[in-house]
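Chemist: Heads up: the protein sequence lines correspond to chains A and B, in order. Every letter in the first sequence is one number past the one before it in our numbering, and letter 840, counting from 1, is 840. The number in our numbering is simply the position in the second sequence, starting from 1, with 981 added.
Everything labelled a hint here was simulated from the structure, so no lab data went into it. Any given hint could be a false lead.
Cβ-Cβ distance ranges computed for the label pairs, FRET-style [to be verified]: (1) A:His730 with B:Ser1333: 50 to 56 Å; (2) A:Glu869 with B:Lys1017: 54 to 60 Å; (3) A:Glu739 with B:Ser1298: 32 to 38 Å.
As the structure is a computational prediction, the values presented were derived from the model and not from experiment. Glycine included, each C-beta is placed from N, C-alpha and C at the ideal position.
The lines below spell out each chain.
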Amino acid sequence: MKDKNKLNGKDYWRSLDQLADTPEFREFLHREFPENASELSSAVSRRKFLTLMGASLAFAGLAGCRRPVEKIIPYVNAPENVTPGIPKYYATTMPFGLSAYGLLVESHEGRPTKIEGNELHPSTLGKSNILTQAAILGLYDPDRSNSPLQNGNSKSWDDFIAYWRSEREQFSDNRGQGLAVISESFASPTLYRLYTDFKKNYPRAKWFTYEPLSDENIYSGSQLATGKNYQPVYDYAKAKVILSLDSDFLLTENENITANRGFAAGRKLETEKDSMNRLYVVENNFSITGGMADHRLRLPTSKIIDFCTALMNELGIHMGKPDLSSIDKKWLQEVAADLKKNKGNSLVVAGKKQPTVVHAMVMAINNVLGNAGNSVTYIELKDAVLPRTESIRDLKTSVQDKEINTLIILDGNPVFNAPADLEFTHILKKIEKTVHLSLYQDETSQLVNWHLPLAHFLESWGDARSLNGTVSVMQPLIEPLFGGRSMAEVLNLLINGEDLRGYEIVRSTWKSILKSGDFEFNWTKVLHDGLFANSQPIKEIPKISAAKIELYLSKNHRPEKLSAENIEVVFQQSPAVYDGRFANNGWLQEMPDPVTKLSWDNTALISPNTAKELNLKNEDLIKIDYKGRSVEAPIWIMPGHADYSITLTLGYGRKSVGRIGNYVGYDAYKIRPAMNLYFGVGAVITKTGKTYLLANTQDHGSMEGRPLVREASIEEYKKHPEFAKEMVGHPPLKSLWEEQSYDEGYQWGMTIDLNACSGCNACVIACQSENNIPIVGKEQVRKGREMHWIRLDRYFSGGLSEPEMVYQPVACQHCENAPCEQVCPVAATVHDEEGLNVMAYNRCIGTRYCSNNCPYKVRRFNFFNYTNEYPEVLKMAQNPDVTVRSRGVMEKCTFCTQRINSVKITAKNKGETVKDGDVVTACQQSCPADAIVFGNINDPKSAVSKMKELNREYTMLGELNVKTRTTYLAKVRNPNPALMD
Amino acid sequence: MTKTSNRIQIAETPLITGNQTFSTITDKVSSITEQKTPRMWYVLFGAASSLALIMFSLIGYLIWEGVGVWGVQIPVGWGWAIVNFVFWVGIGHAGTLISAVLFLFRQKWRTSINRFAEAMTLFAVICALIFPGIHVGRIWVAYFMFPIPNSMGMWPNFRSPLLWDVFAVGTYFSVSLMFWYVGLIPDLASLRDRAKNKIRKIFFGIVSLGWRGGNRQWKHYELAYLLLAGLSTPLVLSVHSVVSTDFATSVIPGWHTTIFPPYFVAGAIFSGFAMVMTLALVARKIYGLEHLITLRHLENMNKIILVTGMMVGYAYSMEFFIAWYSGNAYEKFTFINRAFGQYAWAYWIMISCNVIIPQLFWSKKLRTSIPVMFVASIFVNIGMWFERFVITVTSLANDFLPSSWDYYQPTFVDIGTFMGSFGLFFALFLIFIRFLPLIAMSEVKGVLPQADPLYYGHNGDGKGEKHGK
């Protein structure tokens, strides 16, 4: 086995250490298995969580059937009546900054339970990501604000309407003098119409837009390069060579679903003769995109501008002299050569953390490479109010000049997330009258005169324009659970004092969009499809002025030398809670970070080298001093992180959001300056001597030379097409007895393509939502009791500072010779005739023997009664087709047996057999890379049978003769031969 | 009875010293149950029963809250509970071995220790049975384990070693109980005859089942005892073999080995003898039984500890050898990891206590030194607990997929429950020595010189009482 293992030349290692058997690393090893993991100062202990959960039984009365009053149109043919037990699917849209995700929401008797992508909508194409999947839990969050408050006292909407009507009189007289609005950016025909109405009505009023994480730099880059606000739309499927400059386009950049999909399409391999794209990534911290890279260059975020400048020079656009001290020149030249070789079929992208000038240069590079119009197209933004960090600085000035007496904060939480040096709290206190609309009674709500509850997007009428220009409608799936109002309703009220329903507001906008033909017919179709098909604007190739970029660069960029005393700070978006707005979403909080595998906390990430130099260990609490402010954060050593750089994750450390999100992690906004929102140089790190315990779901992992994830370069694959199977030699697998043949009827099986899987976690949350998987809290996760039925195992290979990262999704493998079944004394886990390893929860007495005997350790045990004390409103989020498990029983992936049975019943009623592709598991449905294929392996024509025929197919631990139904397709990388050492 | 001459008796260390007669033995042993309860007994019983109470309250807490109050997790689904179970079952082995196997082999020295060794077996098995009962997630449906005809269509899975456990340990307990009780009958009759108050008279009158000590009774009695001994003997081997299949039939590296049944049996005898030794030394001291439990008894037990300790040591090394010889990388890793991985400390405690400490008993001086053997017996018990810990926990904590590796640690509930099981064990034991004859009087009398039918013929002093009275 060992010799075969060398085939791909990789030695997988423990997450950090064991390469270097130095005392430091042994120390680190020791830290991996901490011995004092007793009680934590955990923000949410299980008991606290459950106790508090119980408290919100007050919402019990809300759990009835709350179908919206207005007619909404089911996605499939609308039945006349609801058939109990048969869910219906409605198209809607999730607005997200300037993006919009087209969704299809499953609704059981009037309550939405599961979110999928809308296959017709270009931003999702039927797929989803963690944030869209988790939105359903956000809807039912019992901590959402449930009433308007005036100075902390509960009021009704009528009170506010009366209040505003009286306030409004002065503003109609003085044309909005003293009135100001601060909102987040949006792209929506209705909101934009109301925005223009507002400006018309109150010409003297001010409108500011601020959000802590945005694509602002992309637009300012486009402004710089072309003088216009263009939105780049990338088609990763068309690119043969991709260079990402700090862009985590597979997870945290906008439109990551389509990016993931396109990227996977460009890497799809059926035989060794196929070709695949090549990805170069330059980044500071390891991202999942970096994990997928064929070549990855770690570079401090502040040096990427130099890399980009040098690349411009290499490509023949003169950009002055960059600082090349920390850049591998050979790497740069080979990348440039590779890009040139693939002109028109390459793509360069830059991440939102990169400054204006990098985005401008990237536009220029894509133009030079002939990618514009092919792998990247540009559209002009419409119906959009763009984010402008500058505007929050303007707000401060206006307030200081006493120009504002009434401030309306439409969504957003500036008290929490505004740049620290603006001291937004002080600004707010200086304003006489403040109104705040938000989902939660958050940090900002505490300091305003009026707090108004916002309706969730699944409760409101609205519309949105996605980044590629598609216009779609937001249909409410349920009446507002907590008496919230939508943004459109509130904005309309602000403008004319009229209390209109969102339905009417949105319809009146759409009367101007759907001008031709029968409006009612077209409107119905838009609602049904979830989008207006003909709304994509014309694409154009912009003209770029390189001289302007060069001038800007020479004015604005001064390279700085990094050292242990002069550290770069990078503020990154949390893949889970985004900018903090999802902090009260338990699924997201408990989701292991794709890269660090930490749940429930944010950390300060640094490289192993820098940690060694500063004598830091995992879980050390450090103090970061930056620009006169400081924050304390726990250290997590991240292999592959750039040296002398520290990455802080935003969105944690909230104080007022709810029982899940309060006081989880530390608040990195505390040191975030208004200038250079995303990174800066000049931080000083000091040890506090304290430690902070973190809940990690997989640091104790190494491949230990075991052939679990099997990987080869494309060259090796061409030479040894069967490499995956050849990696393990074992004697013939024979049984002592005659085995069940499983050759009749449906035989369910799955393949997971490790070449496609990027580790984005969408499947984890999709599974959690579909299968009613509880969250257990930090303390329980630390003990190793997380409940996820599917997990993403992450392994590193290669050197400590320049490792490669691979992912392996592992759920129940559905062994035909299942070791778990044999040892259960009460036959609670057994096999069915279709090859499923099924659990009879009612029979399980909880010996845990099955889990012990599971070689894949995919079984999950209810150590406590995790679900019993759910508040009523949270129970509405549960899938009625899946049993909610009680304390003391084992559970695990069922291959979504409820979906299989529902399809089988439908087929049987029609007298048909189940067609391939009719049964879709939740993980498969969500996977934007289509890495998971499921179906009947007894049908040689089924997609899954075809996948199992591919030469990359292998069985993990196949030598145990457990005969798994889930098999893997080996990973292949496509390194540039010129860069192979 | 073999024919023995006086000369040989002088040459051999006598089993019973102090020139005992039938009546001195009856007096000595019976008086323990008849005299006023010593203050020390109250102190010890108070301490032991408090510990037991702690255990019961922790079990209540466990049942109320869920198995999560323990440290078990995924991947280590079995923690201290199963370790304790195997530990206590192992302790329980010595009793049956001493009473049944040594009986069949006519090892007369067993008579002084067999009674409380048997009692110890019962109490250890009681302690053991608590753990599998409470370690399940849904204790209220634990009866699903039993093949009870029912209308739910439930039937246990006979392929599961856990089910075999239920039967093996259950059988062992009932046979041991029977064996112990049958052995007690003549002594209970002695107590009945000596009883001075009504309650004792009625109580011992009932439990002695009308024993009169007649010849016919003795004939039937001894045959019954022999049959029970024959019945118990295979159980000595089977119980721990079956317990070992909990591990051996699984696929987990470190568990999946064929050496487990003999290795577990040897380990069980090893730990059982160590526990008998600990208890015997204490009881002997407190009740002044030095003449009945002599150094010869203790030395014999130490020899058995030495032998079984080396068997266990052999098993440890053979596991390593096979792990290497098999060429199975997972197996190899598991054993190297045991010795040098995150649980190395437990492994080396186990090796020191189980393999190194018993080597002291090669020296006659050490194996006849009371303090040495007392300390050694305690170390062996510690070592054997760690053996089960090492087997159960290290194999699970680091199995096939490194991604699921984790570090298991007990909580205060785990620790308290285990400590409490000692409390229960000692409380039961104290009740036993207070109310029942802790030495088998009738059997000890059988090994006295006076029991030799020729004894009277040679000396004719007629001093001895009639057998069995």
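Chemist: Each hint should be assessed against the structure and marked as holding or not.
Modeler: Cross-check of the supplied hints:
Take His730 (chain A) and Ser1333 (chain B): their Cβ atoms lie about 37 Å apart, and the range 50 to 56 Å is violated. Range check, Glu869 (chain A) to Lys1017 (chain B): about 55 Å between beta-carbon atoms, so the 54 to 60 Å window is met. Between Glu739 (chain A) and Ser1298 (chain B), the C-beta spacing of about 36 Å keeps the proposed range 32 to 38 Å intact.
Checked against the numbered hints above, the structure violates only hint 1.
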